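Residue numbers (numbering that gives the first Met the number 0), protein chains in the order written: chain Y, 0 to 185; chain X, 0 to 185.
Hint data in this document are derived by calculation from the structure and do not stem from the laboratory.
Here the structure is a predicted model, which is why all the values come from computation and not from measurement.
Careful, some of the hints might be misleading.
Treat identical chains as interchangeable: a pair holds within one or across any two.
To be verified - Under the rule of at most 25 Å between Cα atoms (straight-line distance), these lysine to any residue pairs were calculated in the SDA-like manner:
#	residue 1	residue 2
1	69	129
2	118	98
3	69	120
4	48	98
5	54	95
6	2	123
Number of protein chains: 2
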Amino acid sequence: MRKGFTLWFTGLSGAGKSTLANHVAKALRERGLNVEILDGDEVRTNLSKGLGFSKEDRDTNIKRIGYVCKLLTRNGVVAISAAISPYKEIRDYNRQQIGQFVEVYVQCSIAALTKRDVKGLYQKALAGEIQHFTGVSDPYEPPTHPEIVVDSERQSEPDSLKAILDYLEREGWIPAVGAKAACCHH
Amino acid sequence: MRKGFTLWFTGLSGAGKSTLANHVAKALRERGLNVEILDGDEVRTNLSKGLGFSKEDRDTNIKRIGYVCKLLTRNGVVAISAAISPYKEIRDYNRQQIGQFVEVYVQCSIAALTKRDVKGLYQKALAGEIQHFTGVSDPYEPPTHPEIVVDSERQSEPDSLKAILDYLEREGWIPAVGAKAACCHH
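Generate the whole structure from the sequences, applying the supplied hints.
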């Protein structure tokens, strides 16, 4: 069995985590890997209904995602999390629980996010209409030693995708294009 | 990739679900399959902390187990649930969500369970000291069309294990002993 791993995206709302996660998932499936995306919303519906956005509830939600990633990872699946996951301590807890863990920090400034503001959430948050909004009225702790950093403000989506795939190939997490899908990690 | 499936045990507390689940898991791993057991207690810690034993909370808990089983199953894993799962409607919901679903009813009478009563729970429940105790003060709805029925009152553990493995082999869910682990389902 190919060794699974967890690809853990973290970053502010709107930074591009889900979009990148979907592109990576597609690329990895094309290489014959089993991939499962756990995004914030789907998980909140299926695992965390009733939880809010207090620190405690966010931590619980992120730990639950981590638990499911652990089960998938140890069964040979590439588990991709695309939740904001604002607190470093809980991301590090998951890293330690899961073991096979690659953290991707999707960087983007609040200024750029407010300018994009696809869903209008930043305007509302800045106007005080949404509470507990990460990066505005709630903390976001950037990772100190992520395996991969992409910058969605200065990098194009294809470039960010390439940076992630290059890292995963180079470190032996995924087979190179053209390599046999059955080859083994490390 | 071998096709995953969910082996869903249901039955009263103490009927022998977890023990059987562990035996089945061991046998399937020996045949080269990826197996993950979701038992009631572990899931309550990792996915459902804070939930109680009302019908609504039980349903939420069992749906969460079902969701994780679905993710594992569609990635080629044999997911085994060993929670009481007292309500037919929710088991059937999970069956429908998961698709590849084999239900095992572990039968045992309250009389026999009270006689065994390894943890002393039935005595307490019958004395009214534990509320919402399935089969005593809370409903248990037996499955109407389970794929497998084992009777832990009249059958030995090895016989029950054999009945389950025989069914899974016969229906092509698992390779026969001696068959190549890589052979495919159906």
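* Asked: Going through the earlier hints one by one, which of them does the structure break, listed in rising order?
  -> 1, 2, 3, 6
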